[in-house]
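Novice: The residues making up each chain are set out below.
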Amino acid sequence: MASYTVGDACRTRRPVINEIRIRLPALSANESVARAVVAAFCAAADPTATELADIKCAVSEAVTNCIVHAYREGTGDILLTARLLQDRLLCIEIRDRGCGIPDLGQAREPLYTTDAAGERSGMGFTVMESFCDGVRVSSTVGKGTTVTLCKRLRGRSTRT
Amino acid sequence: MIHKQPPSEETLCRQTEDGVLCVRLCGEIDHHRAATLRRTIDDAICRCHPTELRLDMSGIAFMDSSGLGLIMGRRALMDKLGGELIVVHPAPAARRMLQLAGMERIVRIEP
Ligand SMILES: Nc1ncnc2c1ncn2[C@@H]1O[C@H](COP(=O)(O)OP(=O)(O)O)[C@@H](O)[C@H]1O
Ligand SMILES: [Mg+2]
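Which chain is which? The protein sequence lines are Z and L, in order.
Using the numbering used here, read the first sequence as starting at -12 and increasing by one per residue.
Using the numbering used here, read the second sequence as starting at 87 and increasing by one per residue.
Hints in this document: simulated from the structure, not taken from any laboratory.
Take the hints with a grain of salt, since some may be wrong.
To be verified - Within a straight-line C-alpha distance of at most 20 angstroms, the following computed SDA-like cross-link-like pairs (lysine to any residue) qualify:
id	chain 1	residue 1	chain 2	residue 2
1	L	166	Z	106
2	L	166	L	197
3	Z	130	Z	74
4	L	166	L	138
5	L	166	L	132
6	Z	130	Z	84
7	L	166	Z	55
8	L	166	Z	12
9	Z	130	Z	33
10	Z	130	Z	55
11	Z	130	Z	12
12	L	166	Z	104
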């Protein structure tokens, strides 16, 4: 298994306040479903509009990658776990049992894509890393990929 | 298709006499929606053979990197036809994605 971590938010250990797990078949119609579920889950933490937009965008990228890349040869399930940790740290894990990523360093390079024919831009990992405070990706070829997105919610009540 | 598009999210294509095709995109652009939008826009391009394609993105509420692929794909098509693509009035959700990808250097954005 290969992995990489960007940002320090994924290393933080804190008590879990709330948690949901959903299993979605890898259908493109479920991209908006995943965003809506995560948005509803973090509403209790009162995120700002920008924080919510960041989270929805990052989740959309990770879920789309499962559908477009991981299960490119067929179909399968996407497992999404969202956790709200103490002091408003949001962690979302998106896991597939698809083809895996042979070279993580190459995959996260801006504009790198293996699916130019499908009009992919190669900006998915760049979006995830830009809009989150931490991203962790671990992958095994032939077994699957897990992407963890972490975001510190400053929230409306503490906004300056 | 599981989701039906609400009428407010309908894509409007309008051709003016001087060879300009205006397409107004509304609502959310993700990978799922991009497939439909691509067909709608490309059908209009094939019908109109425009010299200029204006993508009005003022009504975009959500866009991920699939929107970038959609824009670049249409730009490639317009290049092939010898025409130009212009992104018009991108809403904040679209603009920040364009900025992140440095698209203002490769695509004309107005204003
Ligand atoms: N879950 C995944 N399973 C297999 N391969 C993946 C997965 N996610 C990303 N990849 C690989 O990493 C590349 C870059 O991903 P990304 O930055 O999202 O760009 P894009 O999706 O536009 O190709 C993809 O083209 C694909 O080869
Ligand atoms: Mg992607």
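Novice: Indicate, hint by hint, whether the structure satisfies it.
Specialist: Hint by hint, here is what the structure shows:
{"no.": "1", "hint": "166/L x 106/Z", "result": "holds (16 angstroms)"}
{"no.": "2", "hint": "166/L x 197/L", "result": "violated (25 angstroms)"}
{"no.": "3", "hint": "130/Z x 74/Z", "result": "violated (34 angstroms)"}
{"no.": "4", "hint": "166/L x 138/L", "result": "holds (12 angstroms)"}
{"no.": "5", "hint": "166/L x 132/L", "result": "holds (12 angstroms)"}
{"no.": "6", "hint": "130/Z x 84/Z", "result": "holds (6 angstroms)"}
{"no.": "7", "hint": "166/L x 55/Z", "result": "violated (27 angstroms)"}
{"no.": "8", "hint": "166/L x 12/Z", "result": "violated (38 angstroms)"}
{"no.": "9", "hint": "130/Z x 33/Z", "result": "violated (36 angstroms)"}
{"no.": "10", "hint": "130/Z x 55/Z", "result": "holds (16 angstroms)"}
{"no.": "11", "hint": "130/Z x 12/Z", "result": "holds (17 angstroms)"}
{"no.": "12", "hint": "166/L x 104/Z", "result": "holds (16 angstroms)"}
Consistency note: the structure conflicts with the earlier hints numbered 2, 3, 7, 8, 9.
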